[in-house]
Structures are given as structure tokens and as C-alpha cells.
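In order, the protein sequences belong to chains P and X. Residues in the first sequence are numbered from 1 upward in steps of one, following the numbering used here. Residues in the second sequence are numbered from 116 upward in steps of one, following the numbering used here.
Please note: incorrect hints may appear among the correct ones.
Derived pair list, reagent style BS3-like, types lysine-lysine, alpha-carbon separation capped at 30 angstroms [claimed, not checked]:
1) P:78 <-> X:153
2) P:55 <-> P:114
3) X:167 <-> X:132
4) P:70 <-> P:55
5) P:114 <-> X:153
6) X:159 <-> X:132
7) P:73 <-> P:55
8) P:73 <-> X:159
9) P:70 <-> X:159
10) X:153 <-> X:132
11) P:73 <-> X:132
12) P:78 <-> X:132
13) P:55 <-> X:159
14) X:167 <-> X:153
15) P:55 <-> P:78
Bear in mind the hints are in silico, worked out from the structure with no lab data behind them. All of these numbers come straight from a predicted model, not from anything done at the bench.
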Amino acid sequence: AQTVTQSQPEMSVQEAETVTLSCTYDTSESDYYLFWYKQPPSRQMILVIRQEAYKQQNATENRFSVNFQKAAKSFSLKISDSQLGDAAMYFCAYRRSSNTGKLIFGQGTTLQVKP
Amino acid sequence: DAMVIQNPRYQVTQFGKPVTLSCSQTLNHNVMYWYQQKSSQAPKLLFHYYDKDFNNEADTPDNFQSRRPNTSFCFLDIRSPGLGDAAMYLCATSWGPQGLNYGYTFGSGTRLTVV
């Protein structure tokens, strides 16, 4: 069975600085998708960034980028120029390539942004 | 805007009294998911519908049921809520198989309190 591990329950960063959230996963499949979701307190979970396993190039979305290491099964999220609005719980998620492809979440990392 | 809507946002129910949570979507996605998320934990998949096909997770208690009368609506029924069922319940949708790489669209969730 696939598993996703986020080893950092909590992280903090100074406003305007850069922070990296770690994620590792375990799978025997070669084709899959990886995601980072952001869940602000009492608010909707939204997609931050996604990565297709067959792509070697790391995904980027404005201030958010990933470091995808397929052989090491690592998928970290880098947030540059951190803003107060980035404070949230971040979930790393794995999805196999299948018809329904259910998301498997990590335990989450709570990010605090200090002004 | 196309979206996933969950009602109510907050639900208080009595111990053992049946309760129904609802989810609607305007995205015309063919896959709908129900997740249970307890405080500061990862969302846990309860079941999903792929079109009209119901798929239950092996460890989902029998106390939880679901209905999907049409593409737009999906309901979560908890037949006899216990104190341990207090959680946030998240509905999500996805387009399968073509939209696998786009992840899910989540609703805002329903926070269930059992008294």
C-alpha cells in the first residue's frame, strides 16, 4: 500500500523568507501524481501545486516550487518570499494513475509565518 | 464559479441521532469523495462514487452510508453518531480518468459535533 510521510508537524518562517516542507512517499508504481494542498484554519482545502511522476522537470507556481526526487521518493515544497497568508496546514498527497485514483494524504505540516 | 458546496457548514447532532450531510457540485465531475478529518490529522477517505458505482473503503464503519441520486449531489448518512464521529467531513470531486493530474476540488467541509 502507498504511504505518504511528512516528518515536520510544525514549521515557522519569517515573513519574506524561504521555507521548505518535506514529504516522502512509498510506492511500487512508476506512474502517479503528487500534490501539495493548503488548508487554512477553518477554510477550504486548495491545491497549491502538482507534479506528474513521468516529468523530470520540477513544477513551479509563482512563489511555490517543488523538488521532486523520484528515485528517492521525495517531494518537498519550497515557499519563497513567505507571506502572512501562507500560514496554514500543508498536506502532501499521492495519487496513483487509475480511474478513480484516490488521494492519500500525509499527516500535514502546520506552517506559521511570523511578521 | 463552478464549485463544490457543502451544507451545513456546522452541524450539531445528538448521540445516536441520525444525521445527513450534503454535498453538491457544479463542475459536472463524475467522481465524488467523502473524507473524514479529525483535528490536526490527515483526511481519511470513507468512500467514493465513480459515476453511480459506490466504492467503500475497507475500514469505513457500517455506521456510515452514502447516496448519490444524481451527478450533482452526494449525501453522507451517519446512522447512529457516536462521540468518536465528531470531525470535519470533506466532500471532494474529480474528473476521471482524464483529469487525474488535476487533483481534487474540495468543498469547505461540514464540522460535525456530537453531544
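Tested hints:
1. P:78 <-> X:153: Roughly 26 angstroms between the alpha carbons, so the hint for residue 78 (chain P) and residue 153 (chain X) holds.
2. P:55 <-> P:114: Between residue 55 (chain P) and residue 114 (chain P) the Cα gap is close to 34 angstroms, so the pair fails against 30 angstroms, i.e. violated.
3. X:167 <-> X:132: holds, 27 angstroms
4. P:70 <-> P:55: Holds, at about 10 angstroms.
5. P:114 <-> X:153: holds, 26 angstroms
6. X:159 <-> X:132: Holds: residue 159 (chain X) and residue 132 (chain X) sit about 23 angstroms apart, inside 30 angstroms.
7. P:73 <-> P:55: Holds. Residue 73 (chain P) to residue 55 (chain P) sits at ~14 angstroms (cutoff 30 angstroms).
8. P:73 <-> X:159: holds, 22 angstroms
9. P:70 <-> X:159: Holds, at roughly 25 angstroms.
10. X:153 <-> X:132: Distance of about 20 angstroms is within 30 angstroms: holds.
11. P:73 <-> X:132: With Cα atoms ~45 angstroms apart, residue 73 (chain P) and residue 132 (chain X) exceed 30 angstroms; violated.
12. P:78 <-> X:132: Cα-Cα ~45 angstroms, so violated.
13. P:55 <-> X:159: holds, 28 angstroms
14. X:167 <-> X:153: holds, 28 angstroms
15. P:55 <-> P:78: holds, 18 angstroms
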